[in-house]
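Q: Below are the chains, spelled out letter by letter.
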Amino acid sequence: MGFRTKQIHAGVTPDPVTGAILTPIYQTTTYVQNSVDEYLAKGYSYSRSGNPTVAALEAKLTELEGGAACATFGTGMSAVHATMLAFLSAGDHAIISDVAYGGTYRLCTKVLSRFGIEFTFADGSNPEDVAASVKDNTKLFLTETPANPTMKCSDIAAISEIAKKAGAVHAVDNTFLTPYYQRPFELGADLSIHSTTKYMDGHNATVGGAVISNTAELGEKVRFIMNSTGSIMSPMVAWLTLQGCKTLSVRMDQQSASAMAIAEYLENHDKVEQVRYPGLKSFPQYELACKQASGFGAMLWFEVKGGLAAGKQLMDNIELWSLAENLGSVESLITHPVSMTHADVEEAERARVGIIDGLVRLSVGLEDTEDLIDALAKALDQA
Amino acid sequence: MSNFYLFDTLSLHAGQTVDKEFGARATPIYQTTSYVFPDTDTASSIFNLERGGHAYSRITNPTVGVLEQRIAALEGGTAAVCTASGMAATFCAITAILSQGDHIVASSQMYGGNISLMKNTLPRFGITATFVDPNDIDGFRDAIQDNTRLIYGELIGNPGLDILDLEAIAAIGADNHIPFMVDATFNTPYLCRPFDFGVNITIHSVTKWMGGHGTAIGGVIVDGGNFDWGATDKYPTITEPYAPFQGINLWEEFGPTAFATRIRAEAMRDFGASMSPMNAFLLLQGIETLSLRMDKHLSNTASMLEFLINHKQVSWVSHPSMPSHSSHELAKKYLPKGAGSIVSFGVVGGREAGKTFIENVELASHLANVGDAKTLIIHPATTTHSRIDAEALVAAGITEDMIRLSVGLEDVRDLQADFEVGFRAAKKIAGL
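Protein chains in written order, with numbering that gives the first Met the number 0: chain A, 0 to 382; chain B, 0 to 431.
Mixed in with the good hints, there may be bad ones.
To give an idea of the interface, some chain B residues facing chain A are shown, with a C-beta separation under 10 Å as derived from the structure [stated by the list, open to error]:
1. D18
2. T32
3. V35
4. P37
5. I171
6. A242
Honestly, the hints are just simulated from the structure, not real lab data.
Since the structure is predicted, the reported quantities are computational estimates derived from the model, not experimental observations.
Even glycine gets a Cβ: it sits at the ideal position worked out from N, Cα and C.
Whole structure, please, built from the sequences with the hints as guidance.
A: This is how it looks when you write it as structure tokens:
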């Protein structure tokens with residue numbers, strides 16, 4: 000089955016009792032058992048441990064990613080957290096992409112560090128830097144590629160090799176490209192993490208997360224943490240996400256095509272200092288972006304001439320683009336990472352990894368490309 | 000599920016069988032448009048009404064079906080059909096049996112939307128109505144014409160709160176082979192089951208006390224199963240062959256659920272005023288606590304009545320539980336647990352004082368709904384009944400200074416403190 004067929008049908012079978020073509024929303028806490036001896040015979044006991052609607056989404060995501068198991072979570076952050084809890088204990092060490100979502104960085108430096116877990120933030124674009132960071136107690140690699148917000152790409156295959164040698168698990172945050180464009184398991188990774196809030200839902204309707212595992216054994220470990228810590232996805236969120244997934248490829252293709260047009264437009268604009276989009280030939284890792292994924296996605300950033308002040312003015316003036324924190328939705332969003340998504344990353348660390356003050360992040364939505372460009376043009380005129 | 004369980008048990012269990020596939024304790028929300036048929040023969044038999052089953056959620060839906068069966072059980076009816084709103088329930092119920100040239104005898108004290116439907120909208124399709132003072136029983140008999148096909152009223156009139164003498168009017172209907180349909184929204188089956196008094200059809204805006212939380216709009220039509228449609232030739236939509244379904248005769252095929260089946264086959268299919276599965280789920284949750292909420296609504300109402308009756312800034316108070324109310328005896332007969340949680344009163348100082356009162360209370364929400372868990376107030380003359388003319392306003396028992404209060408579930412001491420603020424402001428504006 001091709002990806003587009005899977006995104007519609009995987010995980011969903013018509014309801015056996017009524018024939019309902021969509022998975023019902025099992026908004027229930029508990030499940031009536033036939034007898035003590037038949038406990039769990041129908042598969043469910045309590046909706047923290049499992050829920051039929053949530054299970055349908057987990058089955059769909061497993062198939063879309065080409066993995067063996069999936070556990071879903073209340074948010075993307077709880078998916079990242081569960082991954083860390085599943086494979087790290089006090090005294091262990093993890094290697095994280097030095098550019099990653101600010102929430103991931105905060106979780107490592109300000110939360111998990113309190114429990115005796117050690118982190119190194121390595122340059123994923125340079126596998127040698129990653130290899131040099133390996134220690135005897137390294138148990139987990141987490142690679143976010145393309146990275147939020149700089150779009151830096153990391154070589155999934157190369158880092159998977161390093162992780163294998165170190166006897167550690169390699170998790171890839173695949174939120175930006177989704178399995179439609181990027182296939183971490185085919186490149187040797189063990190886990191794929193998603194904020195399903197982004198492209199999987201796609202409509203700004205839910206917050207949710209997922210961890211897909213390449214083997215059932217790894218999946219069991221993640222699921223154990225899900226059930227033990229309880230940061231689960233609700234049936235309603237799962238149902239909405241199931242619907243969103245059905246148009247994933249169409250949205251990704253259209254949003255990415257718009258992103259390409261916008262990146263080219265900005266690159267040729269007098270008032271733009273620089274643009275970073277993996278689909279541009281000027282992108283420093285254009286070759287890796289082409290080799291590693293079948294599409295470039297719908298995230299990009301640019302810097303207005305005049306830096307921070309000019310960028311802020313543009314973000315405050317622009318129409319149509321919503322100044323907001325989410326990404327990946329059908330609504331186009333504009334974000335200032337330094338004051339919004341990455342505010343918890345220290346200034347020195349931001350400077351070290353290239354999150355410059357004037358960086359304006361765009362999440363390209365599903366509006367007409369012409370309208371999006373017109374809005375940018377008007378805002379740039381005023382800049 | 001036995002329909003002989005008592006009220007509270009039915010509120011929780013009627014209509015629901017535990018999910019067969021996984022045992023889910025709560026009713027699953029079947030948020031789906033369509034249903035996959037096992038084979039073409041089954042599909043065609045569902046379409047022909049030869050067997051039950053789901054085809055398309057405009058017509059039936061498993062989640063909505065649980066709500067329908069639950070309400071039918073609570074009301075003591077044979078079947079129920081849920082609709083997208085209370086107004087849709089009224090419209091679908093009427094048009095299921097009335098056609099061009101037919102006539103309704105209706106109470107003059109009804110929700111403004113119902114009056115407007117019968118006075119302005121249905122006449123466009125050749126259906127007319129005569130409105131009768133709900134206290135004038137002979138008036139109902141006298142208003143019946145050769146073409147009268149329905150008697151319609153609200154048990155607790157809105158907003159004058161006059162109680163309809165169900166048995167007396169049902170007897171007039173029975174004498175003339177005309178069904179008696181009652182809007183039972185204000186009483187819910189917990190306070191009165193109209194079928195016990197000869198009523199043939201009930202409708203509810205389940206948006207109100209049945210749902211109880213102000214979260215979902217919905218309506219329901221309940222078939223009492225107690226009207227002999229075949230005893231007369233007045234109701235061809237029930238007793239004559241129905242062409243869209245291969246000439247099926249609903250009365251012969253479905254008997255006590257023939258009326259509900261007509262609504263399913265015609266109103267749901269052709270008008271499409273269906274309830275959404277999500278609303279059905281929310282409303283089912285509301286019904287689980289119906290009796291608990293109604294008891295509290297009633298005790299809070301009693302406290303508020305005492306407070307208002309003794310308040311110097313209140314010129315008059317009306318509630319059927321008061322001996323001074325013209326319907327007091329009827330209320331004792333039909334509503335022994337209590338006559339609902341709607342209270343009407345006037346603020347000393349008239350229209351302006353009333354308006355000022357509403358603008359200055361905070362806890363009581365100023366809005367058009369009734370039957371929410373939260374206390375609500377409104378000025379009917381300028382809102383819910385603003386589309387009817389002055390004459391009908393008088394007939395509906397509405398005065399310019401009237402404030403309609405829907406007593407909620409808050410701590411009644413907080414409500415009274417809130418009202419004091421409103422009364423002080425009203426006193427100032429009235430120059431008292």
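Q: Would you mind marking each hint as holding or not holding in the structure?
A: For each hint, the structure was consulted:
1. Interface hint at D18 (chain B): satisfied, since its Cβ lies 8 Å from the closest Cβ of chain A, which is below the 10 Å cut-off.
2. The interface hint given for T32 (chain B) is met, as the beta carbon of that residue sits about 7 Å from the closest beta carbon of chain A, less than 10 Å.
3. Annotation: interface hint on V35 (chain B) holds; nearest CB of chain A at approximately 4 Å, less than 10 Å.
4. Evaluation of the P37 (chain B) hint against chain A yields a held restraint, the C-beta minimum of about 7 Å falling below 10 Å.
5. A hinted interface residue such as I171 (chain B) counts as satisfied when its beta carbon comes closer than 10 Å to some beta carbon of chain A; here the least separation is about 43 Å, so the hint is violated.
6. With 10 Å as the threshold, the beta carbon of A242 (chain B) stays out of range of chain A, its nearest partner Cβ sitting at about 28 Å, so the hint is violated.
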